[in-house]
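> Listed here are the chains, written in short residue letters.
2 protein chains.
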Amino acid sequence: MTFQFERELGGLKEKLLIMAGHAEAGVMQGIKALMDRDDALARRVAAADAVVDQLEIEIDELAIQLLSKAPLATDLRLITVTMKISHDLERVSDESTTIARRCLELSMEPPLKPYVDIPRMAGMASVMLKDALDAFVNRDTAKARAIIPRDKEVDLLNKQMHRELSSFMVENPKNISRCLNLMVISKCLERVADHATNVAEEVVFLYEGRDIRHGGQAAAANGDGRV
Amino acid sequence: MTFQFERELGGLKEKLLIMAGHAEAGVMQGIKALMDRDDALARRVAAADAVVDQLEIEIDELAIQLLSKAPLATDLRLITVTMKISHDLERVSDESTTIARRCLELSMEPPLKPYVDIPRMAGMASVMLKDALDAFVNRDTAKARAIIPRDKEVDLLNKQMHRELSSFMVENPKNISRCLNLMVISKCLERVADHATNVAEEVVFLYEGRDIRHGGQAAAANGDGRV
Numbered sequence: 001m002t003f004q005f006e007r008e009l010g011g012l013k014e015k016l017l018i019m020a021g022h023a024e025a026g027v028m029q030g031i032k033a034l035m036d037r038d039d040a041l042a043r044r045v046a047a048a049d050a051v052v053d054q055l056e057i058e059i060d061e062l063a064i065q066l067l068s069k070a071p072l073a074t075d076l077r078l079i080t081v082t083m084k085i086s087h088d089l090e091r092v093s094d095e096s097t098t099i100a101r102r103c104l105e106l107s108m109e110p111p112l113k114p115y116v117d118i119p120r121m122a123g124m125a126s127v128m129l130k131d132a133l134d135a136f137v138n139r140d141t142a143k144a145r146a147i148i149p150r151d152k153e154v155d156l157l158n159k160q161m162h163r164e165l166s167s168f169m170v171e172n173p174k175n176i177s178r179c180l181n182l183m184v185i186s187k188c189l190e191r192v193a194d195h196a197t198n199v200a201e202e203v204v205f206l207y208e209g210r211d212i213r214h215g216g217q218a219a220a221a222n223g224d225g226r227v
Numbered sequence: 001m002t003f004q005f006e007r008e009l010g011g012l013k014e015k016l017l018i019m020a021g022h023a024e025a026g027v028m029q030g031i032k033a034l035m036d037r038d039d040a041l042a043r044r045v046a047a048a049d050a051v052v053d054q055l056e057i058e059i060d061e062l063a064i065q066l067l068s069k070a071p072l073a074t075d076l077r078l079i080t081v082t083m084k085i086s087h088d089l090e091r092v093s094d095e096s097t098t099i100a101r102r103c104l105e106l107s108m109e110p111p112l113k114p115y116v117d118i119p120r121m122a123g124m125a126s127v128m129l130k131d132a133l134d135a136f137v138n139r140d141t142a143k144a145r146a147i148i149p150r151d152k153e154v155d156l157l158n159k160q161m162h163r164e165l166s167s168f169m170v171e172n173p174k175n176i177s178r179c180l181n182l183m184v185i186s187k188c189l190e191r192v193a194d195h196a197t198n199v200a201e202e203v204v205f206l207y208e209g210r211d212i213r214h215g216g217q218a219a220a221a222n223g224d225g226r227v
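Sequence lines, in order, name chains A and B.
Oh and the first sequence: position 139 is 139 in the numbering used here, straight run, nothing missing.
Oh and the second sequence: position 212 is 212 in the numbering used here, straight run, nothing missing.
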C-alpha cells in the first residue's frame, strides 16, 4: 500500500466517523427535544440532516475514487463497507428527522403521559450504534457480534409500545393523534437499532470475511451461539 | 475490457434483473393477497423474501470480486451502483413481507371498507420500480429522471390515507387495529416508491456521473426542471 493511498483511506474512515458523530447526536437530540418539549432543538435536529446527507455524497465520491486505486482485496472490502455504513448512517439521520418532526406535532397538544420506554429504547439504540462504530474502529468483531442479539430487545420494546399505545387509543379517541406520533417515534428508534445491527454485520464481514446478514449459514457457523 | 470480465459483468447485471423480478412480483402479490384476502398467497410472499436476501448476498460477493478486476472508472461505477440497487431491491422485498404479514392480521377481522387508494398506490409504486429498472437496462436517464417527481404523488396519497384512516379510528375504536395495519401497508408502498426513486437516482449517477440525491446542486443543474 502506498503512503498516499493509505492516507486517503484514513481520510475516508475519518469522514465516516465524523458522519457517525452527527448521526448519533441526531438521535439523542431528537429524543431530548421530545422529553423537554423543546421545539427549537427539534428544528435544529431536522435541519442538521442536510449535513449528514452531504457527508454521504462526499464519502461515496471519495470511495469510488479510492476503489480504482485499491491494491488489495481487503482494501476493496473496507471501501465498500464504508459506503454501506455511510448509507446506514444517512438513514439513521433520516429517522432523527422524523422523530424531530413528530416532536413538533406532539408539542401542539398536552403530553400524553410521562415517557419511560422511549428514552430507554433511545438509549439502547444509541449504545448499539456507538458500539458498532467502536467495533469498526477497533476491528473488534466480538463486540460487533454482541450487538446483533440486542436488536431483538429493541424490537420487543417497540412491540410493547405499540400494544400500550393501541390500548390508549381504544380508551379515548382524543389520544389517537398523539399515540400515532409516538408509535412513529418508537418505530424510528427500532429502525436506528436495525441500522446499528447492519453496521455490526458489515464490521463482521469486513474483518472476518463472513456475510452474516439475513441469518445466513455463515452466521450459524460462528462459535459463540449468539447470532 | 477483456471478454471474460465483460461476461462476468453481464452476469452481475443479469442477477440484478432476476432479483428485480422477484422484488416487483413481491409487491404486486402482497397487494393481491390483501385485495383477495388470500392468506396462502400472503404466506408465500413472506417466504419468498429469503430468495431475494440470498440474491443480495450473491450480488455483493460477485461485485466485490469484479471490483478488483475492473479496468475502467465506469466499470467501478456500474459495480457500486449495482450493489446499491440490489440493496434497495432487498428492502423492497422486506416491505412486501411486512405487507404480507399485515394482510394475515387483517384477515382475522371483517374488511374495513373497499380498498381504492391502496391498489392505486401499489400500481404507482410498481410502475416506478419497473421504469427505474428499465432505465437502468436501457441507459435511459431521461426515463430515470421522470420517475423522481412521481415519488411526491405517492407521498401525498400516503398522507391522505393516513388522514382518512385516522378519522376512521376516531369514529369507532373497533376500527383501530385494522386502520393501524392499513397505515403500515400504505407506508410500505410509500417506501417502495422511495426505493424506486433511489434506483432512478443511481441510474442518473451511473450514466451521467451526477449525484442528484438529497436534491443536491447537481439535481438543480439538470435542464428539464422536473427534479
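It is worth saying that the hints were derived from the structure and are not from the lab.
Keep in mind that the hints are not guaranteed to be accurate.
Any copy will do: because identical chains look the same in the list, a pair fits if it lies in one copy or spans two.
Stated by the list, open to error - Below 35 Å or equal to it, Euclidean Cα-Cα: the simulated DSBU-like pairs (lysine-lysine) are:
#, residue 1, residue 2
1, K69, K113
2, K113, K15
3, K159, K130
4, K143, K174
5, K143, K69
For clarity, every value in this text was computed on a predicted model and none was experimentally measured.
> Now tell me, hint by hint, if it's right for this structure.
Comparing the hints with the structure gives:
no. : hint           : in the structure
1   : K69 with K113  : neither (56 Å within a copy, 59 Å between copies)
2   : K113 with K15  : neither (40 Å within a copy, 51 Å between copies)
3   : K159 with K130 : both (23 Å within a copy, 34 Å between copies)
4   : K143 with K174 : neither (45 Å within a copy, 46 Å between copies)
5   : K143 with K69  : both (31 Å within a copy, 33 Å between copies)
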